[in-house]
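Per UniProt numbering, the sequence shown starts with residue 1, numbered consecutively.
Take these hints with a grain of salt, some might be off.
What the hints assert, rightly or not - Here are the simulated lysine to aspartate or glutamate pairs, EDC-like style, with alpha carbons at most 16 Å apart: (1) LYS154 <-> ASP184; (2) LYS134 <-> ASP180; (3) LYS190 <-> ASP180.
Everything labelled a hint here was simulated from the structure, so no lab data went into it.
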Amino acid sequence: QEREDHCRRGNEERKQRHPSEQEHRRERSGDRDRHRDHSDRRKNPSDRAGARGHEREREAQNLREQQAEREFYNERRREHRQNAESSGAEQNPELRQADNKPKDKAAANKEKPSFELSGALLEDTNTFRGVVIKYSEPPEARIPKKRWRLYPFKNDEFLPVMYIHRQSAYLLGRHRRIADIPIDHPSCSKQHAVFQYRLVEYTRADGTVGRRVRPYIIDLGSGNGTFLNNQRIEPQR
1 QEREDHCRRG NEERKQRHPS EQEHRRERSG DRDRHRDHSD RRKNPSDRAG
51 ARGHEREREA QNLREQQAER EFYNERRREH RQNAESSGAE QNPELRQADN
101 KPKDKAAANK EKPSFELSGA LLEDTNTFRG VVIKYSEPPE ARIPKKRWRL
151 YPFKNDEFLP VMYIHRQSAY LLGRHRRIAD IPIDHPSCSK QHAVFQYRLV
201 EYTRADGTVG RRVRPYIIDL GSGNGTFLNN QRIEPQR
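Could you put together the complete structure from these sequences and hints?
Now the structure itself:
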């Protein structure tokens, strides 16, 4: 009996110990799980950032591949189009010659280019104070460096000297609104003539070519004409 009692007591003591050990083991496993979760949370942000970076790289690579593929197909379409056009022209040489003939005829019948301003264009580009100017300056127009002067006379009377070196052109005429040098004589037209300074080439004594600014007088189609050294000059020349 004493042995049996002793065995019972041992079993009871063991049973009492086991719950406390089981609880301790459970607490220990819970601590491990919490520590593992915490470490996983720490690792997750970097893993997510790395995953995002990989996704971006993958998207950029896909975009590059799509662009390269698109360019490749566009180039192939261009080549096919060029080949089709060339083959069509080779198969129909008569049509090609027929197409070229009208162009050649049109080129032959085409008028020579005229660099003069038309009336409508002149009204837009060469208007001064509301009046259309008959004359337009040439590209070689220049302001002279020499101080040219004009000495006018009225019968035997000397008139004030005119300095005509400050502009590249001077308009002479009866229209005082636009004339640089007004002339009130009834034989003069509204836009009678123009003084024009031009840069022209000349040959020096040693044979070399130089350039200088020279004055010219041009008649603008006046009624009574313009005279230089008692000789009438041709209009618009």
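Hints, verified against the model:
no.	hint	in the structure
1	LYS154 <-> ASP184	holds, 11 Å
2	LYS134 <-> ASP180	holds, 14 Å
3	LYS190 <-> ASP180	holds, 12 Å
Of the numbered hints listed earlier, not one is contradicted by the structure.
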